[in-house]
Amino acid sequence: MTAAIQVNAVEKSFGNVQIIRDLNLSVAKGERHAIIGPNGAGKSTTFNLISGHIKPTSGEIRLNGEVTSGLRPFEINRRGLSRSFQVTNVFARMTVWENVRCAVLWATGHRYAFWKNVDTLPEVKQRTAEILDEIHLSHRRDVPAGLLTYAEQRELEIGITIAGGASVIMLDEPTAGMSHAETERAVALIRRLTEGRTLVIVEHDMSVVFGLADRISVLVYGHIIASGTPEEIRGNPKVKEAYLGEEVE
Amino acid sequence: MTNAPTPSIAAAKQEPGSALSFYGVWLLAAVALVVLPMVFSSGGSLTSFSLIGIAIIFALSYNILLGQTGLLSFGHAVQYGLGGFLAVHVMNAVASHNWPIPLPAIPLVGGIGGAAFAIVVGWVMTKRAGTVFAMISLGIGELVASSSLILRSVFGGESGITTDRTSLMPLFGWTFGPQIQVYYLIAFWVMVSAIAMYALTRTPLGRICNAVRDNPERVEFIGYDPHVVRYFAYMFAGFFAGVAGGLTAINFEIANSAYLGATQSGLVLFSAFIGGTAYFFGPILGAILVTYLQLGLTSVTSVWQLYFGIIFIGIVMFAPGGIAGILMKHRPLIRAGTLRTVIPSYLVAAIPTLAFALGIILTIETVARFSGGDPIKLLGIPFVATAPTTWASAAVLFVGGFLVARITWRRVAEAWDRAATVARDRGYLA
Chain A
1 MTAAIQVNAV
11 EKSFGNVQII
21 RDLNLSVAKG
31 ERHAIIGPNG
41 AGKSTTFNLI
51 SGHIKPTSGE
61 IRLNGEVTSG
71 LRPFEINRRG
81 LSRSFQVTNV
91 FARMTVWENV
101 RCAVLWATGH
111 RYAFWKNVDT
121 LPEVKQRTAE
131 ILDEIHLSHR
141 RDVPAGLLTY
151 AEQRELEIGI
161 TIAGGASVIM
171 LDEPTAGMSH
181 AETERAVALI
191 RRLTEGRTLV
201 IVEHDMSVVF
211 GLADRISVLV
221 YGHIIASGTP
231 EEIRGNPKVK
241 EAYLGEEVE
Chain B
1001 MTNAPTPSIA
1011 AAKQEPGSAL
1021 SFYGVWLLAA
1031 VALVVLPMVF
1041 SSGGSLTSFS
1051 LIGIAIIFAL
1061 SYNILLGQTG
1071 LLSFGHAVQY
1081 GLGGFLAVHV
1091 MNAVASHNWP
1101 IPLPAIPLVG
1111 GIGGAAFAIV
1121 VGWVMTKRAG
1131 TVFAMISLGI
1141 GELVASSSLI
1151 LRSVFGGESG
1161 ITTDRTSLMP
1171 LFGWTFGPQI
1181 QVYYLIAFWV
1191 MVSAIAMYAL
1201 TRTPLGRICN
1211 AVRDNPERVE
1221 FIGYDPHVVR
1231 YFAYMFAGFF
1241 AGVAGGLTAI
1251 NFEIANSAYL
1261 GATQSGLVLF
1271 SAFIGGTAYF
1281 FGPILGAILV
1291 TYLQLGLTSV
1301 TSVWQLYFGI
1311 IFIGIVMFAP
1321 GGIAGILMKH
1331 RPLIRAGTLR
1341 TVIPSYLVAA
1351 IPTLAFALGI
1361 ILTIETVARF
1371 SGGDPIKLLG
1381 IPFVATAPTT
1391 WASAAVLFVG
1401 GFLVARITWR
1411 RVAEAWDRAA
1421 TVARDRGYLA
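Order-wise, the sequence lines are chains A and B.
Number 66 in the working numbering belongs to position 66 of the first sequence; there are no gaps in the numbering.
For the working numbering, count along the second sequence from 1 and bump the result up by 1000.
It should be emphasised that the hints constitute simulated quantities derived from the structure, not laboratory data.
A quick note: this is a predicted structure, and the numbers were derived from the prediction, not measured.
There could be a bad hint or two in this list.
[What the hints assert, rightly or not] Below 20 Å or equal to it, Euclidean Cα-Cα: the simulated SDA-like pairs (lysine to any residue) are:
{"#": "1", "chain 1": "A", "residue 1": "Lys-55", "chain 2": "A", "residue 2": "Ile-19"}
{"#": "2", "chain 1": "A", "residue 1": "Lys-125", "chain 2": "B", "residue 2": "Arg-1202"}
{"#": "3", "chain 1": "A", "residue 1": "Lys-125", "chain 2": "B", "residue 2": "Val-1228"}
{"#": "4", "chain 1": "B", "residue 1": "Lys-1127", "chain 2": "B", "residue 2": "Val-1228"}
{"#": "5", "chain 1": "B", "residue 1": "Lys-1127", "chain 2": "A", "residue 2": "His-53"}
{"#": "6", "chain 1": "A", "residue 1": "Lys-125", "chain 2": "B", "residue 2": "Lys-1127"}
{"#": "7", "chain 1": "A", "residue 1": "Lys-116", "chain 2": "B", "residue 2": "Lys-1127"}
[Claimed, not checked] Reference excerpt, derived from the structure (chain B facing chain A, CB under 7 Å, subset only):
{"#": "8", "residue": "Arg-1202"}
{"#": "9", "residue": "Thr-1203"}
{"#": "10", "residue": "Asn-1215"}
{"#": "11", "residue": "Pro-1216"}
{"#": "12", "residue": "Tyr-1231"}
{"#": "13", "residue": "Leu-1327"}
{"#": "14", "residue": "Lys-1329"}
{"#": "15", "residue": "Tyr-1346"}
{"#": "16", "residue": "Asp-1374"}
[To be verified] Covered stretches of chain A (chain B as the covering partner; in silico rule of three or more C-beta atoms under 8 Å from a C-beta of chain B):
{"#": "17", "stretch": "22-32"}
{"#": "18", "stretch": "101-108"}
{"#": "19", "stretch": "188-202"}
{"#": "20", "stretch": "220-234"}
In this text, a Cβ means the ideal position worked out from N, Cα and C, and glycines have one as well.
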């Protein structure tokens, strides 16, 4: 079976500084995969590489078997990969409803159509309503996204990410800055919405990571030092030394 | 906060008959366009209405770029002017070959001219938004404007190229010689263009234009290439600018290099911004006001451009949403029924604000006419520019008006806060 995401020997340098060294990562279809690592390890850079936000200096990235390194983000998105951002990245002046609807349009095949009335497309309407329902923002549908509370914006961020129906979902620290109760809510939401899809998640909250992930990869200084099930990672001495310390006990 | 029961704004918005009121607005606009020349039938007002109509199309086309897609163009008059030139050339060709093309179809030719130019230069221009786009648009604007003086066979040099709108075949007995017939031709195109441009905002492309305006980076991650979106927007803006240019050519029976220049590009930016770019109808208000001021002020004062500048700076600083923004801010208060608590403070503030404005005007005119010129007449009172009494009154109005206005506007802000709080409690304000 081809992996959903296959990263082979990827390197990334910014000038003389090498951020990612010999990165190898394989995420199976349907797997919930968490990437953890200390600050500055290159987790967000890894996300940016896979989603096409930045191009690798060398190496190869495959999405469902197809080479995607070198493609633009929208080309990768059309091939079935969708990501969220660590810093909330929504369409601030548009309403919640419009935010989600925009994310639905390409996937429903409407592309750059300038001859269709967007308000009367039944499948767009239905899908947008479903997503809003799922992220519990139906009651806020006419509020500009910029006026939402922080937790609501994070939920909208996830809604936009999943709206296109991508088979691979990448979430960059979805619970960052949330309270304990909000985190629990968000995790339940993520678990439900990524059912049957492949999930790659970067997260600092270890309870979220170990509760959610089927497999975990540990990234240190731009290199993956270990990859395995939560139990394997917990017991791995290299990981303990480099990152986890006594925290997981 | 998240779990607090929020009064549903959606429920407040969905009033019965909203579709009726939507079509009602368009119908009202159409009726107004038809009736206007019957109410104000003088030749002067017909000319003004014609120019305002053209300015409305032009400003709306500009807002496809600025308000809808977030592209700040300093060279929008290029498409407008080229549309005008193409229209003039086609009109002359139609007349000399006796082709069966009536005059009302000519603005379409202008639109095609504007769109064609946009298709050619647009792909490179829209690669980047922001400063890069603004600079390239400025460069292209200057390039075309200056080459229009060099390529005499196409642009006719400084004198331009003339045409005769009555030389085309008449339509239903209309020769389009009289200004009233030209007015109705323009009014027809205003209606068609405005509806088309509004409809464009309600399409998938139109919505994605807004998304590109708000956050081009994120658009790439929902499957869209922002470059293609900007390119489409640029083409549509070019088309409708060309329509406006074609109408100008019909109206004046001439196209010259002034149509293409930076002044024209600046005026349309003015109109869109003063009217308010965040709402579809904003540029319409701006076009009406700016054209009206332009026509009205030139006969009253020689430094009318100075007043434009002051109005523009005032809007940028105190009401970046433009006139439409100011109006729409009141909507939740009207809905919540709290507007009447604000109005008295407005009326109080109006008096010193007016005094302040008169102070500014008197100061400007005194300076402008100090070394000669017509005597100043303000509200029917004559002032002598060289008299110390005039200077004193200007200073008193200026300083006194400013100080008192500041206090009264603070009162307005307080009254506003109270009204907004009530509106928020009643669920009409997010």
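Results of checking the hints against the structure:
For the hint pairing Lys-55 of chain A with Ile-19 of chain A, the CA-to-CA distance comes to about 13 Å; that is within 20 Å, so the pair holds. Taking the CA atoms of Lys-125 of chain A and Arg-1202 of chain B, the gap is about 14 Å. The hint holds against a cut of 20 Å. Distance check on the hinted pair: Lys-125 of chain A and Val-1228 of chain B sit about 24 Å apart at the alpha-carbon level, beyond 20 Å; violated. At roughly 8 Å between alpha-carbon atoms, Lys-1127 of chain B and Val-1228 of chain B fall within 20 Å of each other, so this suggested pair holds.
A distance of roughly 17 Å separates the Cα atoms of Lys-1127 of chain B and His-53 of chain A; the hinted pair therefore holds under the 20 Å criterion. Proposed proximity of Lys-125 of chain A and Lys-1127 of chain B is contradicted: the alpha carbons are some 31 Å apart, above 20 Å. Taking the CA atoms of Lys-116 of chain A and Lys-1127 of chain B, the gap is about 26 Å. The hint is violated against a cut of 20 Å. Given hint, Arg-1202 of chain B at the interface with chain A, holds; its Cβ is 6 Å from that chain's nearest Cβ, closer than 7 Å.
Evaluation of the Thr-1203 of chain B hint against chain A yields a held restraint, the C-beta minimum of about 5 Å falling below 7 Å. Contact between Asn-1215 of chain B and chain A, as hinted, is supported at the beta carbon level, the nearest pair being about 5 Å apart and thus within 7 Å. Here the hint on Pro-1216 of chain B is broken, as its CB sits about 10 Å from the closest CB of chain A, past 7 Å. With its C-beta approaching chain A no nearer than about 9 Å, Tyr-1231 of chain B sits outside the 7 Å limit, and its interface hint is violated.
For Leu-1327 of chain B, the shortest C-beta to C-beta distance to chain A is roughly 18 Å, which exceeds 7 Å, and the interface hint is violated. Because the closest C-beta pair between Lys-1329 of chain B and chain A is about 14 Å apart, greater than 7 Å, the hint is violated. With 7 Å as the threshold, the beta carbon of Tyr-1346 of chain B stays out of range of chain A, its nearest partner Cβ sitting at about 26 Å, so the hint is violated. Nearest Cβ of chain A to the Cβ of Asp-1374 of chain B: about 47 Å, over the 7 Å cut. The hint is violated.
Requiring three or more residues with a Cβ within less than 8 Å of a Cβ of chain B, the coverage given for the stretch 22-32 of chain A is violated, as only 0 such residues are present. Only when three residues or more bring their CB closer than 8 Å to a CB of chain B does the claim for the stretch 101-108 of chain A stand; here the count is 6, and the claim holds. Counting residues of the stretch 188-202 of chain A whose C-beta lies closer than 8 Å to any C-beta of chain B gives 0; at least three are required, and the coverage claim is violated. With a cut-off of 8 Å between beta carbons, the stretch 220-234 of chain A has 0 residues touching chain B; three or more are needed, and the interface restraint is violated.
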